[in-house]
Every structure is written in structure tokens, then in C-alpha cells.
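Protein chains: 4
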Amino acid sequence: VRYVIAAGVHGIFVLGSTGESPALSDQQRLEVMRTAIRSAAGQVPVLVGILDCSVRHAIEFGRAAEEAGADALVVVPPFYFVHTQNEILRYFRILRAALQLPISAYNAPTATKVHLAPQTVDALAQERLIVALKDSSADLSAFRQILLQQRSNDQLHILTGRQDLIDMELFMGAHGMVPGLANEAPQLFVRLYEAAQAKRWEEARAVQESVLPLLDVRLFSSDRVSRPAAAVGAHKTCLKLLGVIATNTMAAPWDSLGPEAEEGIAALLREHGIL
Amino acid sequence: VRYVIAAGVHGIFVLGSTGESPALSDQQRLEVMRTAIRSAAGQVPVLVGILDCSVRHAIEFGRAAEEAGADALVVVPPFYFVHTQNEILRYFRILRAALQLPISAYNAPTATKVHLAPQTVDALAQERLIVALKDSSADLSAFRQILLQQRSNDQLHILTGRQDLIDMELFMGAHGMVPGLANEAPQLFVRLYEAAQAKRWEEARAVQESVLPLLDVRLFSSDRVSRPAAAVGAHKTCLKLLGVIATNTMAAPWDSLGPEAEEGIAALLREHGIL
Amino acid sequence: VRYVIAAGVHGIFVLGSTGESPALSDQQRLEVMRTAIRSAAGQVPVLVGILDCSVRHAIEFGRAAEEAGADALVVVPPFYFVHTQNEILRYFRILRAALQLPISAYNAPTATKVHLAPQTVDALAQERLIVALKDSSADLSAFRQILLQQRSNDQLHILTGRQDLIDMELFMGAHGMVPGLANEAPQLFVRLYEAAQAKRWEEARAVQESVLPLLDVRLFSSDRVSRPAAAVGAHKTCLKLLGVIATNTMAAPWDSLGPEAEEGIAALLREHGIL
Amino acid sequence: VRYVIAAGVHGIFVLGSTGESPALSDQQRLEVMRTAIRSAAGQVPVLVGILDCSVRHAIEFGRAAEEAGADALVVVPPFYFVHTQNEILRYFRILRAALQLPISAYNAPTATKVHLAPQTVDALAQERLIVALKDSSADLSAFRQILLQQRSNDQLHILTGRQDLIDMELFMGAHGMVPGLANEAPQLFVRLYEAAQAKRWEEARAVQESVLPLLDVRLFSSDRVSRPAAAVGAHKTCLKLLGVIATNTMAAPWDSLGPEAEEGIAALLREHGIL
Chain A
159 VRYVIAAGVH
169 GIFVLGSTGE
179 SPALSDQQRL
189 EVMRTAIRSA
199 AGQVPVLVGI
209 LDCSVRHAIE
219 FGRAAEEAGA
229 DALVVVPPFY
239 FVHTQNEILR
249 YFRILRAALQ
259 LPISAYNAPT
269 ATKVHLAPQT
279 VDALAQERLI
289 VALKDSSADL
299 SAFRQILLQQ
309 RSNDQLHILT
319 GRQDLIDMEL
329 FMGAHGMVPG
339 LANEAPQLFV
349 RLYEAAQAKR
359 WEEARAVQES
369 VLPLLDVRLF
379 SSDRVSRPAA
389 AVGAHKTCLK
399 LLGVIATNTM
409 AAPWDSLGPE
419 AEEGIAALLR
429 EHGIL
Chain B
159 VRYVIAAGVH
169 GIFVLGSTGE
179 SPALSDQQRL
189 EVMRTAIRSA
199 AGQVPVLVGI
209 LDCSVRHAIE
219 FGRAAEEAGA
229 DALVVVPPFY
239 FVHTQNEILR
249 YFRILRAALQ
259 LPISAYNAPT
269 ATKVHLAPQT
279 VDALAQERLI
289 VALKDSSADL
299 SAFRQILLQQ
309 RSNDQLHILT
319 GRQDLIDMEL
329 FMGAHGMVPG
339 LANEAPQLFV
349 RLYEAAQAKR
359 WEEARAVQES
369 VLPLLDVRLF
379 SSDRVSRPAA
389 AVGAHKTCLK
399 LLGVIATNTM
409 AAPWDSLGPE
419 AEEGIAALLR
429 EHGIL
Chain C
159 VRYVIAAGVH
169 GIFVLGSTGE
179 SPALSDQQRL
189 EVMRTAIRSA
199 AGQVPVLVGI
209 LDCSVRHAIE
219 FGRAAEEAGA
229 DALVVVPPFY
239 FVHTQNEILR
249 YFRILRAALQ
259 LPISAYNAPT
269 ATKVHLAPQT
279 VDALAQERLI
289 VALKDSSADL
299 SAFRQILLQQ
309 RSNDQLHILT
319 GRQDLIDMEL
329 FMGAHGMVPG
339 LANEAPQLFV
349 RLYEAAQAKR
359 WEEARAVQES
369 VLPLLDVRLF
379 SSDRVSRPAA
389 AVGAHKTCLK
399 LLGVIATNTM
409 AAPWDSLGPE
419 AEEGIAALLR
429 EHGIL
Chain D
159 VRYVIAAGVH
169 GIFVLGSTGE
179 SPALSDQQRL
189 EVMRTAIRSA
199 AGQVPVLVGI
209 LDCSVRHAIE
219 FGRAAEEAGA
229 DALVVVPPFY
239 FVHTQNEILR
249 YFRILRAALQ
259 LPISAYNAPT
269 ATKVHLAPQT
279 VDALAQERLI
289 VALKDSSADL
299 SAFRQILLQQ
309 RSNDQLHILT
319 GRQDLIDMEL
329 FMGAHGMVPG
339 LANEAPQLFV
349 RLYEAAQAKR
359 WEEARAVQES
369 VLPLLDVRLF
379 SSDRVSRPAA
389 AVGAHKTCLK
399 LLGVIATNTM
409 AAPWDSLGPE
419 AEEGIAALLR
429 EHGIL
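As given, the protein sequences belong to chains A, B, C and D, one line each in that order. All residue numbers for the first sequence refer to this note's numbering, where the first residue is 159 and numbers rise by one. All residue numbers for the second sequence refer to this note's numbering, where the first residue is 159 and numbers rise by one. All residue numbers for the third sequence refer to this note's numbering, where the first residue is 159 and numbers rise by one. All residue numbers for the fourth sequence refer to this note's numbering, where the first residue is 159 and numbers rise by one.
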């Protein structure tokens, strides 16, 4: 946390997908959250992920986050059962009524297997149920539709959660980004953001293109290590190599990437001047 | 619970998908489990579902089930992140090492979005990690492959979780079934099972065919009510109409089916002599 | 053709998926069809597949089949574009109006990427657009629904196109089957059919189970050879080994299975007493 | 054809998806192609689509295009059967060996249900099998990967076939576009292209955004009219309203959009100053 704050990020998001939140027990989640809030020490806001199947449990955890001093909540649609857009809207209504902190919606269809449709985002915005949207979907057409729909709505902050098309998403009108890789290379993303703010689009694109080789986690996935495990494991390995965290062990049943992958990641980081 | 025991079922499964388990908080799950165990009063075994994304949380809940006096655990592969078959196998190994009760694997790909492959079932059986399999997938080819693979393995009890093809699954060699509708019409399934045991296949088929109209929950799903909500809501409405439970309200964000659907369900039950 | 007639099959289906029809030019299709009709010599009916994206081209080819002396046409929904059920119904209406021969609908969603829904089959039957259905889908619930819907309709002949669940599909009420493997082992399927006709279900199941190892084409598929190429290639290799055809070369771009796969197939055939 | 040439387009593509090519008979395709070549009269190149399941038929049609005076061929991977990337590569090799005209690969996964992977595009480029790529997929990550892979390859012309993200695809490095809507509003796309060439990205984005409302064919699709039929029907209706073509009737089994949709389209065109 201190590492990324020093680099100039504008906020901290804990207990998202990259934070392995669904794989942690409640006790572990509380510890992660409290540590982050203590480390941020009020310098930047701390956003806490609520990735849950149970509205009742989500409320319980949201209240714990409020008590711990979090600044905002980031909520995915409930998963396991696939819900209709109306049911998703009801879920956000119930959380909004039960909790005090501002809520961001988080569209993560790869994990939740349900899309937060543009018309649902619009309903969430019009009912003032959310203050922000983090969109990690691969559907840029829908994302563009949301951006245009909400262009005149200055109450909704729209962020991208993807990492390989940030330059274009800022170009389309997104207000910011929540890239997992900002854990390792926060400066790069601060630079990309500033270039976009100044409409130096070619520079933004050049920074984005320089980041791309770091993102290819497919290199490290296999029958043994799933794609999401490879992604999270690559992050943890980077941070261990950078001396930020002590171990790259992931929550079970995810297995370690193995020494060969770790060397590959170290080589990548050196090649890009991060290590 | 007493209702179905009176009808002659051979066991009780609580906190599965039909039991809305993922939508409940831990506190609610513990209550459901304890009530079921108390009501069963040792007459039939009580199996408790562990539908979780976190291996650590799954272990905590499994231990609570052990303390409460459950007879066995029923475990789906972890969801949210999509795991490889190797990662699923590791998940079961970890649970097996940490818990005492017998474990059944539960293949529910509609909900978990991952298939428990025949070769994984075989590994689970060979390593003695599980004593039973409940298969609710629609893939009868894979189910047949599992049945033939395990035919000589008398340590693995293979059950179907589907409701519309039970006659055929018993005919293929399944040892039993876990039909959600047995909550409402346990006699029908007891009859179907006994016919199959006696190899009176035409009778088994006739019972199965008589059950089919009761299963068409698509009639009650809509933009407002998702398919799984319609399925669970139809169950709860049946049980309310039968006087078994007091309300058919489901865990939020699922909305009630509405009066029209309730009348439709009542008509169906009357037509089939259940009400 | 003469090989399978000698074994007692009740009809011949040419230019289906196993016959690589979509990969052939019009000229090649005409030759295949004429050869089959000549060889059948009126002993059994010859059904000709119309697997097309263009209704106009389908009509042209249907007329060519009529002139060549075919006995019936087997029609898949048009592919490339994904059509609605209403558009599929219109397609069959247009073909019915333009052609003389009886038409069978062929549900092959793996290839056409669209499902022929039970209510569409019902509309096709009620409008007397088809005399038969061949269903190769993996959806046994939908197939059962069709069988029950059409039970009192003695004008519609319902056949399964799957090969691994034939015993059960006959048990559910299917009238017959069109198994690709009948090209190599027609006696087995004649036996399976006769057992089912006599309601000797356990015998039907035993025959079906004995066939299963022959069906596992996944053994022969790879990055180089796709699943459908492996399936068709296994058929052609069998027939070459049996001396029925001269070569197992497939239509480009499908590559040959290679010598290792051919030996594997030969071993399988010997093991099952076919070679 | 004369309409769009007058507006300044750089080439004509006939018999693609929007041209309903798969739904036409060979005779109809030949007529469309010959008419286009005659009308273009050498002013701009005419590219002819080869959307086929059969390599033999594709060669026959490619030769007919060569005789008719086409300038290039545009080839999708074979469909119906789903091919591996290796099989797709073989398909292009066979066509390249049999035909004289330059070949463009066309990635249209919505229709062909198979993705032309970046490594396959790379192999096609390295073996000099293609001179251009038209990519209509929604996968911008893969498209960016292709663009970066081929950046130093000045022998491959990369075009986008999407219509709602053209500004960004040009920004990422695409060399041009093949938008269906250029049939109706060629000036808009010429303007968008020129803005991008001059790196006036904000202007390119403004033009793109102004086009978006014209693209929402979902408004006109229904149970009766599939999404692709609505898209093609909207094009034909536009062109009929503009007096370019005489009828908006589509190839069967596609039904007409109906008067309400036609009025909606006319209103849209008037609103955007096209009519």
C-alpha cells in the first residue's frame, strides 16, 4: 500500500479479484481490509470489494468495512446463480438501503458470468444507487454505450478495469482506471493517465503498448495453473521480486507458478526496467 | 424434513442449490443445518452442502457441520474463478485432509460454470477423497462414462441430481437420485426408485413421465424472475401450499413469483393429485 | 452401400455431416448421390442430405436429388447466419412448397450452431412440412419433450443421430437411429434396434455399452486434427480397413489422421471383433 | 456501386456477410459480382467474398471471380464444421496455390463461429498467403496483438470490419475499414478516415459517435427477425429510401422488417441528415 501511494496513485482498491477476495475467509478479509486502511492512513481513499453471493452476508461485510473506516465499497452482481438484470438492480437497491458508504458497481463478467448491462448501469445511476462503475468486461461496444449514456451525468465516475486497452478507454471518455498491474508499476499508469488528461493520445498509446508484454499471463497458465491463478500469481511474484511482499504463495487450491515461471517474470520485469 | 422422512426417503440434503445456500449468511446456514439435524433425529442421514469459493471458509463451515452432528458433506468445485481440473482435485484433497466426515462431490456446472470431468471423478475415487457423486449436469454422455468407469468400484455411490431423466440414469447404472421435487412429492420418487430397483423399466418411465409437467419452471421465469429463482420459488410455493412451510419468500434479491404463478402451481399440483 | 444393405439396415442416408457434405462441391455431391442411388438399387430407401445456407441453392440441389431418384431429403436449418426459430420455420415452408420429396428435419446444433426447438418441431409437424426428425443434439431433455409432444402423432418418425445413448433414446420412445458407426458395424445396431423393439432393455444396453469404446474419437483429435475431422477420419479408416472403401483421405483442409491413429483404430476394431 | 464511388471510397467489397452471400445461389453470386465489376469500371478495385464450407467449391468460385475481372478475393475460414487453427491455415494454403488473385483473410467469428487467432494471422502473413486482413471480431485485445505483431510488416494491410469502434481501431494502428454502413453514408466514413490519417483523433471520435445511433439494429430485431437479418434489412431499407436500390426484400428465409421498422429507419436517417 505504501509502495503505490508513494508512486502517486489516487486510491486503493482491496479485496477485488486480483486480491483473491472470494478465496479468503471472512477473518482473512477483515485483516486485509484493516491493514490497508491503517497503511493508507488517510492519504488516499481505500475502496473495499464486496464479491458475494449472499445479500445478507454482503451487508454484514459492508458494515464491517464501514466500522473499519473504509471510504467506499465496490460491489459485483451476486454470482453462483445467474441473476436477471432486474434481480441485480434489486440487489444494489437492498445494499444501498442497508449501508452508509458510497457504492461502486463492478462489472466483472469473466468471474460473475453475468453482464451488467448498459441499461442497468443507467438505472443504478438514475436511482443514485452508485457513485462509480468499474468495468472489466471485454465488451468495448457496451462500455462506449455506457460512457455516452452517462456523458452528461457528472455524478457517476466511470473507470476501466482492463489493462490492455486503457489508452482507448480513456480516449472514449472513461474517467480513470483500476489496473492490477498498478501494484507493480504504478508510475507507468500514472504517466498514461496524465498523458490522456492532457490529450497527448500518441504518448498514452506508447505507454500502453510498453505495458502489454507484461500482461501476457497466458504464458504462465497451464493444465496445472488456471488463467486467473496465473494472473494473480504473476502479480504476487512481481511484488515479491520487488521486495513489496514476502511470499507469492496464493490461497489454495491455487498452486505456485513454479521456478521457471518466476524466472520468466523476473526477466520480463528486468527487460522493462521495473526490476 | 419430517414430511419427507414420513414418505420414506433415504436421506436429507440441506444447503444445496435448491436450498438457496449461496444466498444465505453463515448464521442462516448454521440455523438451517441444525434444524434439519434436529428434525431428522437420526432416522435418516443428513448431508450438508458446502458451496464455497474459499477453501478456508469451506473448512470452517465443514467443521461447524461436524460439530452440529451432520452425517456427510456435499462439496461443489470452488466457483467465481474458473479452476482447472487439477485445481479442483487439489481443493478436494485439502478438504479431505482437514475434515472428518465423508465427502460427496457435487457436479453442478450450471451454477459453478465448471464441469467435473470424468477423469477428475476417477482421480477423486482412486484417491478415496469422496464416497459419492451427485451429478446435476445435462451431459449424459459424460455421466455414462463415469458410471462405466466406476462400475467395478463399489466404494463410490453415484447419484443423479437431474429430475427429468432419472429413469434413464438409473437404467444406465446410477445408484440413486437427489431430486429437488422430492421435497413436495417424495412418494413419486420412492416409487420410481423401487420400480428401477426391480428392473420394471416401463413403470419407472411412466412415473418419470408423470412428473415432467411439474418440472417446467420455464413457465414461471421472466425478465423479473430468473430461471433458478423460478425453480426455487416453485418449490417453496409447493411446500407452502402443502402446509409444510409458512412462506414462499426467497432470499433477496429474488423476488416472489407473484399470485398468477402461485395459482398456476396450485393448479398443476391439483391436476397431479399432490394437492 | 452394398456392405450395409447386406447387413440389414433399413435405409441409407448420404451427404450428411459424416459424409462431409458441406466440404464437397456440387459436382461431388451429385456423384455421391447418384452412386448411392444406383447401388441401393431400390432395395432400401436413399435419403439425401441438404446442408445449406441458401434456400435457393437448397431448392436447386433438392430438385437434382428428385431427378436422380432419391427417396427423401434430410434438411438442417440454414447456417452461417444464426436464424430465429421463426426464420427456420419459414425455411422449411419454402422448401416444402418448392419440392416434391418427403422431408426430414435434422437437428445438428454442433454444426449449425442453432437448436431446432421442440415448439418448432411441433409447428413443422402440425403444418405437415416434415415426415421425420433426426436429432443429433446432446439435449436429451428437449428430445424427451419432443417425443412426448409427438407421441400421439403417428405421422412423424423420430430418429436419434447420437451414437452413445441410443438404448435410452429408444427407451424414451424414439423410433429408430441413424448412427454413423453403422457404416462399419451395421450388425451391432441392427441387434440393438431389435432388442429395443422387443423391450429387452438390458440387452439393448449391453450392445450399446459394447459400442462405446469405438466412439471415442477424442483419442484421435489434436491441434492438427479437429474433433469432426477425427470422427469422419475414424469412419473412413475403419471402412478402408474393412476393404469397403479404397482410401481414408478426407476433403481438404482436413489432414489425414496419420499412421499412429490408423493403428489405434485397427487395434480397436480387432478388439471388438469387427476386423 | 456508382453511389459509393462518387462519395470517394477506395474500394468495393461484394458478397460479404452484409451482401447476404451465403444465402445466395451460385448463379446469383455470379450476377452480383459481374454487375459490381461492370459498375466499378476500373475506377476502384472490386473485392469478392468467398464464404464457403468447401475448399473445392471455393476454388471454383474464386476462378469464376478471376475470369470476371475481380481485383482480389476475401476469404473466411470454412464453417459448418469447426476447424482448428492448423486446418484453417491449410485451407488458405490450398486456395493460395490454386488461385491467382491476391487474397484477404476475413475474421468473422459471429458467423463462422471460429476465431482467426493472432498466431494464425502471423503464419498467413509470413507464408505470404494473404495481402490483407479484415477483422470483424469484437476482440480488441486480439486485434491490438495482431496490429503490434505486424507493425513492421508493410506487406499486410489490416482493416477493421466493425462499425462502432473504428476511431479507436485506426488509433491502434489499423490501416482502414470496411463498414457496412458505408453503403449508405460513405461521406461520413471518408471523413472519419481522413481525420484519423491527419491524427485529428478528437474529430475522428466525434464522427464515430455521430454514427453510433445509426448502428443500433437491435431496435429492429425480434423473434421474427434475427439480429443479422435486422442488420442487413436496415442496410437495404436505407438504400431503398435513398433511391439506390429498388427493393429491401432479403433472401429467404429472412422476412421483411415491416413498415414500423422502415419508418423508424427513415426517421433515424432524417435525424442524421442522410435522407
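Just so you know, these hints were derived from the structure itself, not from any lab. Where is the CB? At the ideal position from N, CA and C, for every residue including glycine. Treat the hints with care, as some may be off.
Calculated cross-link-like contacts (lysine to any residue; reagent style SDA-like; alpha-carbon spacing at most 20 Å) [what the hints assert, rightly or not]:
no., chain 1, residue 1, chain 2, residue 2
1, D, LYS271, C, SER295
2, C, LYS271, B, ALA296
3, D, LYS271, C, LYS357
4, C, LYS357, B, TRP359
5, A, LYS271, B, ARG358
6, B, LYS357, C, ALA356
7, B, LYS357, C, LEU373
8, B, LYS271, A, LYS357
9, C, LYS398, C, GLU367
10, C, LYS271, D, GLU421
11, A, LYS271, B, ARG382
12, B, LYS357, C, GLU360
13, C, LYS271, D, ASP381
14, B, LYS357, C, SER379
15, B, LYS271, A, TRP359
16, B, LYS357, C, SER295
17, B, LYS357, C, ARG358
18, C, LYS271, D, LYS357
19, D, LYS357, A, THR405
20, A, LYS357, D, GLU360
21, C, LYS357, B, ARG382
22, B, LYS357, A, SER295
23, D, LYS398, D, ASP381
24, C, LYS357, B, HIS273
Covered stretches of chain A (chain B as the covering partner; in silico rule of three or more C-beta atoms under 8 Å from a C-beta of chain B) [to be verified]:
no., region
25, 178–191
26, 209–215
27, 286–294
### Query
Quick one, are C/LYS357 and B/HIS273 close enough, alpha carbons at most 20 Å?
Roughly 34 Å separates the two Cα atoms, so the pair is violated.
### Message
Tell me if the straight-line CA distance from D/LYS271 to C/LYS357 falls inside 20 Å.
### Response
Since the Cα atoms of D/LYS271 and C/LYS357 sit roughly 42 Å apart, the hinted pair is violated (cutoff 20 Å).
### Task
Take the C-alpha atoms of D/LYS398 and D/ASP381, compute the straight-line distance between them, and say whether it is at most 20 Å.
It is violated: about 24 Å lies between the C-alpha atoms, which goes past 20 Å.
### Message
For a C-alpha distance cap of 20 Å, please report whether C/LYS398 and C/GLU367 respect it.
### Response
Not OK: C/LYS398 and C/GLU367 at ~24 Å, beyond 20 Å, violated.
#### Entry: Pair hint outcome, C/LYS271 versus D/ASP381 [Cα-Cα no greater than 20 Å]
holds (17 Å)
### Query
Straight-line Cα separation of B/LYS357 and C/SER295 no greater than 20 Å?
violated (28 Å)
### Task
Tell me if chain B covers the region 286–294 of chain A under the three-residue, 8 Å CB rule, please?
violated (count 0)
### Task
Take a quick look at whether C/LYS357 and B/TRP359 sit within 20 Å of each other, Cα to Cα.
At roughly 9 Å apart (the allowed maximum being 20 Å), B/TRP359 and C/LYS357 satisfy the hint.
### Task
Take the C-alpha atoms of B/LYS357 and C/ALA356, compute the straight-line distance between them, and say whether it is at most 20 Å.
holds (15 Å)
### Query
Would the pair D/LYS271 and C/SER295 pass a check requiring their Cα atoms to be no farther apart than 20 Å?
Measuring from Cα to Cα gives roughly 17 Å; hence the hint holds.
### Task
Confirm or reject the coverage of the region 178–191 of chain A by chain B under the rule of 3 or more residues with a beta carbon closer than 8 Å to the chain's beta carbons.
Result for this restraint: holds, n = 6.
### Query
Are the Cα atoms of C/LYS271 and D/GLU421 separated by 20 Å or less?
violated (33 Å)
Comparing the model with each numbered hint stated earlier shows that hints 3, 5, 7, 8, 9, 10, 14, 15, 16, 18, 19, 21, 22, 23, 24, 27 do not hold.
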